[in-house]
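Enquirer: Spelled out from the first residue to the last, the chains are:
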Amino acid sequence: MFKNYFKIAIRNLWKNKIFSAINIIGLSMGMAVCIIIILFVQYEKNFDCMHKKNIYRLDEVQSWEGMVEPQQVALSMPPMGPSLKNDYPQVKNYTRIFPLEMTGLAYNNKKVFLKTVFCTDPTFFDLFDFKLLRGNQKTVLTQPNSVVLTEENAVKLFGTEDPIGKSVSTHNSKDTLHFTVTGIMENVPENSHLQFNGLYSLSSRFKHGEDKEWGSNYMVTYLELSNDANAKLLESKFPAFLKKYMGDDITKGYKLFLQPLNKIHSASANITHDYYNYKKFDETYTNIFFVIALIVLVIACVNFINLSTARSARRSKEVGIKKAIGVSRYQLIFQFLGESVFLSFISMTLAIILVKVFLPFVNNLSSYCLTFSFLKSPFLLLQIFFATILIGAISGLYPAFYLSSFKPIKVLKGITSKGKNKSFGRNALVIGQFASATFLVIATIFVVQQLSFIRNKDTGFNKDHVLIISGAYKNYQKLKTSLKESPLIKGVTGSSQRLGNNFHQGGVNFKGTGPVKNCASSFVFVDDDFISLYRMKMIVGKNFTEQGNGKEYIVNESLAKELLKDEPNKSYESLIGKKFWENNEDTLSTLVGVVKDFNFNSLHNKIETLCLVNNKKSGFHDVSVKIDGTKTKETIDFIGTTYKTIIPNFP
Amino acid sequence: MNVIHITDLEKIYRTEEVETVALNKISFEIKEGEFVAIMGPSGCGKSTLLNILGLLDDLDGGSFKFNEVEVSGFNERKRADMRKHNIGFVFQSFNLIDELTVFENVELPLIYTGIATAERKRMVDEVLDKIQIAHRRNHYPQQLSGGQQQRVAVARAVVNKPKLILADEPTGNLDSRNGNDVMQLLTDLNEQGTTIIMVTHSEHDSRYTHRIINMLDGQIVTQNIKI
Chain D
0 MFKNYFKIAI
10 RNLWKNKIFS
20 AINIIGLSMG
30 MAVCIIIILF
40 VQYEKNFDCM
50 HKKNIYRLDE
60 VQSWEGMVEP
70 QQVALSMPPM
80 GPSLKNDYPQ
90 VKNYTRIFPL
100 EMTGLAYNNK
110 KVFLKTVFCT
120 DPTFFDLFDF
130 KLLRGNQKTV
140 LTQPNSVVLT
150 EENAVKLFGT
160 EDPIGKSVST
170 HNSKDTLHFT
180 VTGIMENVPE
190 NSHLQFNGLY
200 SLSSRFKHGE
210 DKEWGSNYMV
220 TYLELSNDAN
230 AKLLESKFPA
240 FLKKYMGDDI
250 TKGYKLFLQP
260 LNKIHSASAN
270 ITHDYYNYKK
280 FDETYTNIFF
290 VIALIVLVIA
300 CVNFINLSTA
310 RSARRSKEVG
320 IKKAIGVSRY
330 QLIFQFLGES
340 VFLSFISMTL
350 AIILVKVFLP
360 FVNNLSSYCL
370 TFSFLKSPFL
380 LLQIFFATIL
390 IGAISGLYPA
400 FYLSSFKPIK
410 VLKGITSKGK
420 NKSFGRNALV
430 IGQFASATFL
440 VIATIFVVQQ
450 LSFIRNKDTG
460 FNKDHVLIIS
470 GAYKNYQKLK
480 TSLKESPLIK
490 GVTGSSQRLG
500 NNFHQGGVNF
510 KGTGPVKNCA
520 SSFVFVDDDF
530 ISLYRMKMIV
540 GKNFTEQGNG
550 KEYIVNESLA
560 KELLKDEPNK
570 SYESLIGKKF
580 WENNEDTLST
590 LVGVVKDFNF
600 NSLHNKIETL
610 CLVNNKKSGF
620 HDVSVKIDGT
630 KTKETIDFIG
640 TTYKTIIPNF
650 P
Chain L
0 MNVIHITDLE
10 KIYRTEEVET
20 VALNKISFEI
30 KEGEFVAIMG
40 PSGCGKSTLL
50 NILGLLDDLD
60 GGSFKFNEVE
70 VSGFNERKRA
80 DMRKHNIGFV
90 FQSFNLIDEL
100 TVFENVELPL
110 IYTGIATAER
120 KRMVDEVLDK
130 IQIAHRRNHY
140 PQQLSGGQQQ
150 RVAVARAVVN
160 KPKLILADEP
170 TGNLDSRNGN
180 DVMQLLTDLN
190 EQGTTIIMVT
200 HSEHDSRYTH
210 RIINMLDGQI
220 VTQNIKI
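If you read the protein sequences in the order shown, they are chains D and L. Under numbering that gives the first Met the number 0, think of the first position of the first sequence as 0, with each following residue one higher. Under numbering that gives the first Met the number 0, think of the first position of the second sequence as 0, with each following residue one higher.
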C-alpha cells in the first residue's frame, strides 16, 4: 500500500514538474530562512551556558551631580568582591577582572600579540567553567607574574615545546616584565561574553595592595552565590554594605545590583562601561527574530497549503476511484498527509543544502559565526526530523481533509465544483499569507530606516577616512611626525580613548565668579588638533594650542550647561578663561572653549557631560589618522610599515 | 438469493429553498446472476439509484438489503468495507488513475483488500489475459484507446471477484465496435456468474441484459423481463 502511495506521489510530482518545483522550493526557502534565524536565536540563547555555577555580575547604578541621567555600569570597586564574600554567607566566592588591551608576549624570538588579557583572581577557574588543559586549577593564578595562555597562543608561541614553567616577556609603557606560564586553557568559546587571549594573576598588577582601595570603579566583579541564595534579598542589603565601607554620602550616588550570568549578554543594552561583553545583543530583538522565523515558516506553509489545494482538481479522480473501490476516507487522509510529509522531507533536504551554502555569506554579512553541523549533533538531527514531520503534517492537513471530502460520484462524473463555504478556508489562508507578508515588508522597511539613521545620524563629528591605531603611548610624537611626512596622510591626532568607547569618568572642578563647583564628567586626553581633525564645531572660545599642553580644557555643551545651572542668565562666554581642573588645583589650567555636543559613546546613550583635556604628557593609546580616501591600500601599507619601525615591540 | 432487495426506497435532495424527491418509494429485487439495465431520461433518478446501490450514497427512507444484509444504517466506514469486497464499478469515462500503469490500475482494489504481492500478481495477470490486454500491462492509460481503457476499467472492477458490478453507461464514450466489445465482455462475466446492473441510454446495449427497469421522475415505470 505504501509502495502504491509512494509511486503515485513520485509520478504526480514528476508529471507536474513546474508546480512541484515551485511548491518544494517555496517551502524549502521558508525552512532555510527559518533554520538560519533559529541558529542565530540558539546562538544568542546559549551565551555563557557552559558555566554551571550560580554566577552574578556585580553592577552599579551611578547618579551623581552633573549627570544627564543615572547610568548603569558594569564596573565595580576592587574591594567590593572580597568584602561581600566576607560579610554575606550566601556569597560563596568572587572573582575580579581587570583588563589589559594589546599585549605583546615574547618567548625567545617568537612573539604573539594578545588582543585582550585579563588580570584576575586565583578563583577565576573556580567560578567559570573554562577548561584548563594544563596546570592546577587552584594555583595557576596565585603567584605574581603568572600567565595562563589560551591553547591557540601557546601553540603560536611555543610550537611543540612544553610551555609550562617557561618565562615570557612583555613590554608595558615603561618596562619589560617577565611572566611564567603556569597554565594552558582551551580557546575561549564563541558563545562566551568574556573574550580574552590570556590571564595574568591579579597580584602581578596590584603588587602593593592597590586592589584594596575603595573609590574607583575599574574592575568587573563576578560573584558566585550559593544555590539557595535569593539575589533580590542580597541586593536589598547592598545600601547598608556601601554605608558600612564608604560612609553615608556615597549611598546617594551609588546603588549596586546583581545581574545573572545568563543575562549579561542578552540584557545589558542599558549598561554602559560594559567593555567586556562580546557581541552584546538585547534579548528583545532575539525574541523578535524568533517570531519572524515563525512567521516566515507559517507563510511558507500557507503557500504550500494553497498550492496543494489549488491543484486538488487534478487529484479528484483518484479520490473518486479509490472511494469507489472501498478505500475509506481515513486511508485517503493518511495518504495525502503522508505525501505532504514526504514533500516536507524533500524540502527540508533542500533547505539544509541552502543553509549550508548560504550560511557563510550570512556569517560574512553579519560578522557572526553561526554553525550548522547537524550530523554531529543527534539532538539537532532529531529536532529537524520531528519539525519536518510536523511541518508536513500541518501543511498537509487542510489539503488532505479537503481532497478526501470529495464525493466519488460527482468527481467521477466530472463535477468538481464546490460550494462557497469550502473556499472560505482558502480565502482566509490567502488573506493571512498576504497580511504576514505585508507585515514583514513593513518590518523590513523599518529596519532599513533604522540602519540608515545609524549610518547618517549627525554624531557631531566627521569620521570619514579616519583610521585608528592603538598602543602608541610614549612613541606617539615620533609616530605622528613620521606619518605626517607622507602626502597620503591628511592629519594625525591622539586620544586616551577612541570615540564610541565609553569614556572614563571622574570629578572636575570649576571656579567661576562664585564658589568652586564640583561635578562629575567624562573626560578624555587629546592632542591639540583632535577637534580640528574630527571637524567638531566650537561654539565659543578657541581650540587647543600647542603651547597650552596640560593647561587647556574644552567642555561640551552639556557640561557647559551644567556649570551654568545656578546662573541661568549667563552665557557660555562667561566660562571662558575661568579656572578648571581635575584632581589637584592647578592655578594655570583654564577652560578655553565650549564644543558642540557630539556622540562620544554609543548612539543608545544620551550625550553626557564631557571635558577634553589638552594633554600629551604620557602619549596616547589611540592614534587617529585621517587619510586621503583615494589610495587606501597604499596608505594603510605605509602606516603599517611606519608603525613597525617606530614601535617594533608591538606586532 | 437476492443480491439486491429494496423496499420503498426514498432519496430526497434538500437545499435551503427546495426539496427535490430524486427517488420516490422504489421497490425491486435483483437476483444473483442477473444482468439488469436501468433506463430512463436524464434526471429520472437512475444515477442516484446506482449510487445508492453502490453504497456511495445513503438513503433517506425505506429498506435496502445487500446480500440479505440490511445496509441502510451503515456508516461511511462500513459502506466502504462492503464496497471493497462486493462491488465493482465501471464508469462512462473509464476513470483510470493516470499515474498508474494498466497493471497497477487493475491491482489497486487488491492492494486495499490486503492480498499478498505474489497472489495479487497472479490475479491481475489472469484477468488481464482474460480481457486480452496483457500485452499492454506496462502502459499508462493515456497510451491506450478508449475501448482498451474501458476494458482495463472492467478488469479492475472484476479483479476482486465481486458479487455485483455496477456499470454507469459503460459504452457512452466508445464507438460501436469498442462498445460491442465491452458489452460482450460484460455478458461473458455475467455468464460466469457475476450479477451486473447497468445504467444506459442505449437500446442496443440493453439488448444484452435479462431485464430492463424503466424509470421516470424518481419512480419505476415498467420492469420488463425478457425471455
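The hints are simulated quantities; they were obtained by calculation from the structure and are not laboratory data. Some hints here could point you the wrong way.
[As the list claims (entries may be wrong)] Here are the simulated DSS-like cross-link-like pairs (lysine-lysine), alpha carbons at most 30 Å apart as the crow flies:
1) L:Lys83 to D:Lys412
2) D:Lys560 to L:Lys160
3) D:Lys560 to D:Lys510
4) L:Lys160 to D:Lys412
5) L:Lys77 to D:Lys2
6) L:Lys162 to L:Lys120
7) D:Lys510 to D:Lys409
8) L:Lys77 to D:Lys406
9) L:Lys64 to D:Lys409
10) D:Lys130 to D:Lys114
11) D:Lys406 to L:Lys30
12) L:Lys162 to D:Lys406
13) L:Lys162 to D:Lys84
14) D:Lys51 to L:Lys83
15) L:Lys160 to D:Lys109
16) D:Lys473 to L:Lys129
17) D:Lys14 to L:Lys120
18) D:Lys52 to D:Lys236
19) D:Lys14 to L:Lys162
20) L:Lys24 to D:Lys643
21) L:Lys129 to D:Lys2
22) D:Lys412 to L:Lys77
23) D:Lys2 to L:Lys120
24) L:Lys129 to D:Lys110
25) D:Lys6 to L:Lys24
26) D:Lys206 to D:Lys231
27) D:Lys412 to L:Lys162
[As the list claims (entries may be wrong)] If the Cβ cut is set under 7 Å, some of the chain L residues that face chain D in the computed set are:
28) Ser26
29) Asn74
30) Arg76
31) Phe88
32) Pro108
[Claimed, not checked] Examples of chain D residues lying across from chain L (beta carbon under 8 Å, computed):
33) Ile24
34) Ile320
35) Ala323
36) Ile408
37) Val446
38) Gln449
Cβ atoms here follow ideal geometry from the backbone N, Cα and C, with glycine treated the same way.
Enquirer: Just to be careful: measuring from the Cβ of L:Phe88 to every Cβ in chain D, is the smallest value less than 7 Å?
Expert: Interface hint status for L:Phe88: holds (5 Å vs cutoff 7 Å).
Enquirer: Hey, D:Lys52 versus D:Lys236, does the alpha-carbon distance stay inside 30 Å?
Expert: Holds, at about 22 Å.
Enquirer: Quickly compare the C-alpha distance for D:Lys473 and L:Lys129 to 30 Å and report which way the hint goes.
Expert: Status violated; Cα separation ~105 Å.
Enquirer: Tell me if the straight-line CA distance from L:Lys24 to D:Lys643 falls inside 30 Å.
Expert: 108 Å, violated
Enquirer: Hinted pair, alpha-carbon criterion (30 Å max): L:Lys64, D:Lys409. Please report holds or violated.
Expert: At roughly 24 Å apart (the allowed maximum being 30 Å), D:Lys409 and L:Lys64 satisfy the hint.
Enquirer: Hinted pair, alpha-carbon criterion (30 Å max): L:Lys77, D:Lys2. Please report holds or violated.
Expert: 25 Å, holds
Enquirer: Holds or violated: are the alpha carbons of D:Lys560 and D:Lys510 at most 30 Å from each other?
Expert: Holds, because 15 Å separates the two Cα atoms, which is no more than 30 Å.
Enquirer: Run the distance test for L:Lys129 versus D:Lys110: straight-line Cα separation, threshold 30 Å.
Expert: 91 Å, violated
Enquirer: Under 7 Å, Cβ to Cβ, is where L:Arg76 needs to be relative to chain D, so tell me if that hint holds or is violated.
Expert: 6 Å, holds
Enquirer: Would you check whether D:Val446 satisfies its interface hint, that is, whether its CB is within less than 8 Å of any CB in chain L?
Expert: Constraint on D:Val446 not satisfied, violated at 46 Å.
Enquirer: Does the structure keep L:Lys83 and D:Lys412 at a Cα separation of 30 Å or less?
Expert: This hinted pair holds, its Cα atoms lying about 20 Å apart.
Enquirer: Given the proposed pairing of L:Lys77 with D:Lys406, does the C-alpha separation stay at or below 30 Å?
Expert: 16 Å, holds
Of the numbered hints stated above, those contradicted by the structure are hints 2, 7, 13, 14, 15, 16, 19, 20, 24, 25, 26, 28, 29, 33, 37 and 38, listed in ascending order.
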